[in-house]
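Starting from the given sequences, assemble the full structure and let the hints guide the process.
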Amino acid sequence: MSLFKHHARIETNALLLTIGIVVTVSVGGLVEVAPLFSIESTIERVEGVRPYSPLEQAGRDIYLREGCYNCHSQMIRPFKDEAERYGHYSLAAESKYDHPFQWGSKRTGPDLARVGGKYASDWHVRHLIDPRSVVPGSVMPGYPHLMRPLDYSDIGVRLRVLRSVGVPYNDTQIDGAAHDLEEQALADPNAAPPPVMASYPKARLGRAVESPENGPVTEMDALVAYLQVLGTMVDFTQVDPALIRR
Amino acid sequence: MAPVEKDPVTGRYTTGHEWDGIRELNTPLPRWWIIVFWVSVVWSIGYWVLMPSWPLLNGFTPGLLGYSSRADLESEIAEQKAARAVWLNRIESLPAAAVEADSELLTYARAGGRIAFEENCAPCHGVGGVGAFGYPTLADDEWLWGGTIDEIEQTIKFGVRNSNPNSHQSEMPKFGADGILTPQQIEQVADYVLTVADRAPVASLPGAEIFAENCAVCHGEVGEGNKDIGAPALNNQIWLYASKLGNQKPEVRAAEIRATVISQVTRPRHGAMPAWSERLGPGTIRMLAVYVHTLGGGR
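Protein sequences appear in the order of chains W and U. Those letters in the first sequence? Residues 1 to 246, per this note's numbering, in order. Those letters in the second sequence? Residues 1001 to 1299, per this note's numbering, in order.
Some clues are possibly wrong.
Unchecked claim - Derived DEER-like restraints, expressed as beta-carbon distance ranges:
| no. | chain 1 | residue 1 | chain 2 | residue 2 | range |
| --- | --- | --- | --- | --- | --- |
| 1 | U | 1229 | W | 37 | 49 to 59 Å |
| 2 | U | 1229 | W | 188 | 15 to 25 Å |
| 3 | W | 137 | U | 1281 | 22 to 32 Å |
| 4 | U | 1083 | W | 34 | 38 to 48 Å |
As the list claims (entries may be wrong) - Listed below are the simulated DSS-like cross-link pairs for lysine-lysine, each with C-alpha atoms no more than 25 Å apart in a straight line:
| no. | chain 1 | residue 1 | chain 2 | residue 2 |
| --- | --- | --- | --- | --- |
| 5 | U | 1249 | U | 1174 |
| 6 | W | 106 | W | 80 |
| 7 | U | 1227 | W | 202 |
| 8 | W | 96 | W | 106 |
| 9 | W | 80 | U | 1081 |
Treat the hints as calculated values from the structure; they're not laboratory data. Treat the numbers as computed from the prediction; the structure is a model and nothing was measured. Each residue gets a CB set at the ideal place from its N, CA and C atoms; glycine is no exception.
Printed below as a string of structure tokens:
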């Protein structure tokens, strides 16, 4: 019974009890969490994942601000029915630059991990303004207020903050963020690709909102640019399934 | 520490702990709990051996069974593919028209096409292809880019006005915004178009000459349209950018149609559609083509 007598000593001393709890919880935490930082298989090695362009990042910030994640996940689980409906299951690599990531399985609306390119930008605009105008049975609220001008005066700072948590933006990208944002939003999709495409391949060029033609970039433009790139960065026809098996 | 003694009420010994005169009974854990606890411990050891479990420095123990949820999915999908291949191989190897001619394949393709349609196409074109403001109705016999089954399949594959090099491309000039026509001329040509749509005599209208010079090259001499460049027929009452027929009063409807024609001539809107060959397999696309073609208006 001597073990229990020692236990009594721990129980009756606040400091010893605190130390004991910290040690116990740390062991569990270290065993579960620490290896993920060194295990090479945590993040799959696939081509094509890049940091978000400034316009997409601005759209992502709106996605978070409006709480889209309350109803929409961005994680296709490795199940047959999900693969059938949404496409290839999500890889950890695809959200490696997401801070915070948008995983989840609680869905009121559909998963959005691969919504990019699925609908025309014009459809997104009309759906966001009034979901029932295109999907009669939808329970999604309308977001007509997104038609207001986008405030991107601090977009460079936002990229810098993301760099501090590990997103590999370079100085040119951070200093030229506002310029890149305008270039992507105001580009003519039919003309030769502008320089911003070199930094951010597969970015969706041009405005989502058709009129006013030369008006300021709107929050809607940014959000749709973000939605249109979701899940499109990795070309799964070029991925060997054996290399991403877990 | 209070002395350990027998509690007269419950017959149990106390633990010797005492707080403000309250003493704690040394009640043992229930037997069922102890059993579950030790069974769980034994189970976990079996689990460690058989399943992927322990993280290592740069990997993890794969377990004797080598289970992988992603590999499981691969084999499930392969199984499903094999089950569908019986039908899909036949659908993929035959021309779309031949699929439609075979009643067994037609039934399969329509059922499969409907499911793919509701997930991928209905958000714009509506359930059953009823269409919506800006998105063409697919259940009628009016087609922007052609209504034969092969033309429908082509449009589904490559889409309209997107970045796919094979997509349908065309653009109507901004007759108003670019100053090609004056506002007064646009009103005249709009009245002409509305008369064409009514299939009433048009020769004497002031817009006739403007139409012949500017519009007929794409929309046709009598507004019959041109499927090769996606120029809609104007000699009917189908309007892409007008609300779907509801219980509007006739004069309200007429005003809306006139406004939409004027706006379209002044600064045209252009619909876009994704290239579905970038997302869906050839069998699914063929089933979709059969489904859309048999909605009612296929040519």
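Take the C-beta atom of residue 137 (chain W) and the C-beta atom of residue 1281 (chain U), compute their distance, and say whether it sits inside 22 to 32 Å.
Given about 28 Å between the Cβ atoms, the range holds.
Could you tell me whether the CB distance from residue 1229 (chain U) to residue 37 (chain W) stays inside 49 to 59 Å?
Roughly 57 Å apart at Cβ, these two residues keep to the hinted range, so it holds.
Is the Cα-Cα distance between residue 1227 (chain U) and residue 202 (chain W) 25 Å or less?
Given that 25 Å is the threshold and the Cα spacing comes to 31 Å, the pair is violated.
Residue 96 (chain W) and residue 106 (chain W): Cα distance at most 25 Å?
It holds: about 21 Å lies between the C-alpha atoms, which stays within 25 Å.
Just tell me: holds or violated, for the beta carbon distance of residue 1229 (chain U) and residue 188 (chain W) against 15 to 25 Å?
Because 20 Å falls inside the window, the suggested range holds.
Going straight from one Cα to the other, do residue 1249 (chain U) and residue 1174 (chain U) come out at no more than 25 Å?
Measuring from Cα to Cα gives roughly 31 Å; hence the hint is violated.
Hint consistency between residue 80 (chain W) and residue 1081 (chain U) [alpha-carbon to alpha-carbon, up to 25 Å]
Judged against 25 Å, a Cα distance of about 11 Å means the pair holds.
Straight-line Cα separation of residue 106 (chain W) and residue 80 (chain W) no greater than 25 Å?
Since the Cα atoms of residue 106 (chain W) and residue 80 (chain W) sit roughly 18 Å apart, the hinted pair holds (cutoff 25 Å).
Does 38 to 48 Å hold as the CB distance between residue 1083 (chain U) and residue 34 (chain W), or does it fail?
The hinted range 38 to 48 Å holds for residue 1083 (chain U) and residue 34 (chain W), with Cβ atoms some 44 Å apart.
Checked against the numbered hints listed earlier, the structure breaks hints 5 and 7; every other hint is satisfied.
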